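Given next are the chains, with one letter for each unit.
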Amino acid sequence: MIWQSIFAASPSPTPTVPGAGIFSTSLLLSITVWVPVVVAIAIATMPNPRGRYDTLMKQIAFFTTLGLMFVLGIAYNQFQSFLPTLQYEEKVPWLQAVGAVYHLGVDGPGMTMLILSGGIGIVSVLASLGIRERVRSYFCLLLLAQASVNGAIVARDMFVLILFWGAAAVPLALLILGWGGQRRHQAAWRLLGYWGLGTGALIVGTMVLYAAAGRGSFDMDVLLKATLSPRVQLAVGILMIVAAATRLPLFPLHGWARDAYSEAPVGVTVIVAGSASRLGGYLLLRTLVAAEPAAAHLLAPLLAAVAALTVGYGALIALRHHDIRQTSAYLALIPGGVTVLALAALQPLSIAGAVLSLFAGGLAAALIVSVSATLSERAQSRSLHVLAGLAPRMPILTWLMVIAGLAVLGVPLLATFTSDLLTFFGSFKTQPVGAFAVAAGLGLGAIALASLWRRVLFSAPNPDAPGVSDASLGETWYLGLLAGGLLWVGLFPSGPKLPGTDSPLFDQGLVNVLSAGISDIASPYVLPAPGASQ
Amino acid sequence: MVAAAVLVLLAGRLGWLLPGARRSLPAIVATVTLVALGIELWAGATLTTSFEGGLVQDRFALFAKAAVLLTATIAFAVVDWTAEDSVTIGLAMPLLATFGVMVAASAGDLVALWAGLEVAAGAAVVMVALRRPDLALRLLITGGLASALLLIGLAFLYASAGTSSLATMRAVLFSGAPTIALAIPVFLALSGLAVRAALAPFQLASIPASLGASPLGAGLVLGLVAAAAAIVAFKLVGVLTPIPAVYSTYLEVIAAFAMVGGGAAALASHSPRVRLAYLAAGQIGWVAAGFVTHYRSGLAGSLFLLGAFAVAATCGPAVMGRAEGGEHALAGMGVLRPARAAGLALAMLSLAGAPPLAGFFGEFAVAASLAQSGHFALLALGVLGAALSLAAVAGTLRVMYIQSPLDEARRTTRLPVVSGLSSFGVVAFCVVIAVYGIFSSPILGLADQGAEALGLR
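Just so you know, the protein sequences line up as chains A and B, in that order. First residue of the first sequence: 1, per the numbering used here; consecutive thereafter. First residue of the second sequence: 1, per the numbering used here; consecutive thereafter.
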């Protein structure tokens, strides 16, 4: 009966506009969630005598993520960026007794996150093509992780959100446990512990909301629009910050990040740093900024302080570390701090910056941790005492390392520049101290990066170091895709236009897409114009 | 059920069975319970009473009986019968335990309630005695103590209300007040039930006994007997809801202990059988937490969870097969016995409350009602317990799926023998655990009607 109703579900009504409906299905978001699950089950049950079909399994996983990205690309192109409402909505009654609904939908921020997750999915599979052991289990878990991330992005019911939010931890922890480096046990248990704590906080926060709203529903349309007392909002807000801080990660709940980023295989690092961890910022946007304005106002200074501490701490520790993967892991904390500063500012401009920062920061964090992992593999060492003067012998990885560092700092021409610009323009008005502290942290990050580049890339070569080789074609592809994404959005944030016109060429522009719905989210924080009350 | 059990026992005892028939006996018995499940679902929707109100067929009975018959069917199918001590007794005792649970579920008075639980518990003692008479004796003595506590409590209740009929007792208590004289017998009765249900910290005998028993015996102790105790508790709570003050605090404490203690003990242990037992103790704590709400939605959530618990806790040890000793017994099971490994993983994850499996949906339903009734501390402890349980399960999953299989020479325990029936059973078990939650709307609806049948609003 449930399947019947799922298949009979109709999309949300969208106005008839030229070009609309070329590609429309009521199941679009379900496809993004359930197709990887179905493929994972298919891979799990495929006969594979003595690993004969390992390559086929890799190809299936790759084409699944590619197909999903194709579907998402069309959905992105069809997305009505001028509509503030949910699009591609699916709503089917599910657990009526507790008030849970199978409700999926995306607005601008959701679409942006989905595109990020789709791209990261392809990159993570490409980065995993070198896996030789237990190929079946690896790709099953990778697809399940991607499905969980997609599910958490499109969920419009807190029950569904908790379901996918919690489910993401298990496959990722198992991937680290099974295919990680020497300290994989510590990495996996820490990830599971911190993410488990975050899931617990999310569940308790949701239950408090559920009880306080008193409407017997977990639907975000009901739960997040209920009028709550500031005390309840504050309690829920703190719990949501804890949940988000364990995922993004933010100081002081970042304990899993160093080990997970430095011990996980490259493909898993990409998905954890690129999309799974960004869910933390997305949760804050949905449940705190968009839903609890009173708590958001009260907690904004705390958020700004956490952002500053995260950026500063990440940069400082990166300066002191002597392991390239751990140094990159700490540098990868910086984009998350910038995202949270943007959310703390509570300005329409900075909220748009936060969404773009989720996208660009995800790509930047994924790029820096994956390029460091690749470099350390190719140079056969992780120690900064050994790695030296690699630029002449690793030109491709040198370029990518430099782009990754610049992306973390947010320099012009890269997507992070646009997001940082929006963030700082918005936050200097409302959180000047926090913004200054984050800017100072970015300065420290620049010093850490400069020190890293000088030692690893541009110093005199170490004659005692093991032999090195540059990135292979496959590695160049996946790292290049991440760098290309950062450059594309950095160069064309509003999409490329037909020469001499304002008409989009084929991409309507990520900034245009993500701003759909931002006005609604930011409406409680917009000051009335002088004289508007008259 | 009783006829089938007696027939199987006699056939085994008197040598009526040919070797071929002995091999197909589990399939026959599984078919019988499946047919009984079909009859229950078809005919059980009609409300009836029999034995002058001693047995009642209502929605609660329908839900509980359907759940226990489904559990028995899957358990018979999934067991590796080469790991059992006796095929005939191994079939007869679970049939008797199923009958006991069904009697308790249909009980209209205190006598039937107590008798049903004792039949189920007695069958479990016999199963344990086949392998470990010492543990069976321990289980018998502790069970006797639990039974005495329950009997004393029920006798006081009978004396207070002047009737043994549950419906009449409830009507009498509506006009009563929560007094100490009433709280003491309720405390005794619930203590007895907690021992029977292996609720932490009361796992004096049930958990050790389950560790020494055969796989199906362990499932019987951890799953069916605990389910029988929970069903008796449901009926008692249904009677006592007019005066929740006499049981709420006590239940809160034991639920909190079970949820957190079960998760912590599961995390601390390194034996898969012990871990499964503590996971079951943790989840039965969630069932008890639902009683605390004394609302229909809370008890409906608990009943829904009880269905998921019964299947996972009874069939989990049977899916695991021989896995005595440390975790290394399961090393590489994901490669060597992929279907069994998947079944065991789903059983453990469901007992730990991992999304999106049956246990998660049940625990979430209970959690929602705890939030609605303002029991946030209990809810937070439950979430903590679930997190500990999940961490424990991750350890077992790592061994099964990520560790390489042991050499045959180093393997101390044989992996389960795969047969057509057991493969089918494992697939059926996986399907039930996976779809119980996804198709939970009608099941939860029936559980809601079951809670309503107990007189809750």
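Don't read these hints as lab results, they were simulated from the structure. For clarity, every value in this text was computed on a predicted model and none was experimentally measured. Please note that the accuracy of each hint is not assured.
[Unchecked claim] Short derived list, chain A residues pointing at chain B, Cβ under 8 Å:
1. L163
2. G166
3. A167
4. A211
5. A213
[Unchecked claim] One-sided and incomplete, this derived list gives chain A residues near chain B with beta-carbon spacing under 8 Å:
6. L177
7. Q182
8. A439
9. G443
10. I447
Using N, Cα and C, we set each Cβ at its ideal position, and we do this for glycine too.
Minimum Cβ distance from A213 (chain A) to chain B below 8 Å? Violated. Min distance 10 Å.
Closer than 8 Å between Cβ atoms is the bar; does Q182 (chain A) clear it against chain B? Give me holds or violated. violated (15 Å)
Given a cut of 8 Å on the nearest C-beta pair, is the interface hint for A167 (chain A) held or broken against chain B? Hint on A167 (chain A): holds, closest Cβ of chain B at ~5 Å, below 8 Å.
Next item in the hint list is A211 (chain A). Is there a CB on chain B closer than 8 Å to its CB? At about 4 Å, which falls below the 8 Å cut-off, the nearest Cβ of chain B leaves the hint on A211 (chain A) intact, so it holds.
For the hint on L163 (chain A), just tell me whether its beta-carbon gets within less than 8 Å of chain B. holds (4 Å)
Checking hints one by one. Is G166 (chain A) an interface residue toward chain B, by the C-beta closer than 8 Å rule? holds (5 Å)
With a cut-off of 8 Å on the beta carbons, see whether A439 (chain A) makes it to chain B. At about 37 Å, which exceeds the 8 Å cut-off, the nearest Cβ of chain B leaves the hint on A439 (chain A) violated.
Per-residue hint verdict: G443 (chain A), partner chain B, C-beta under 8 Å: Constraint on G443 (chain A) not satisfied, violated at 39 Å.
Interface hint check: L177 (chain A), Cβ to nearest Cβ on chain B, cutoff 8 Å. Holds or violated? This hint holds: L177 (chain A) lies near chain B, its Cβ roughly 5 Å from the closest one there, short of 8 Å.
Interface hint outcome for I447 (chain A) [beta carbon to chain B under 8 Å]: violated (39 Å)
Hints 5, 7, 8, 9 and 10 from the earlier list are contradicted by this structure; the remaining hints agree with it.
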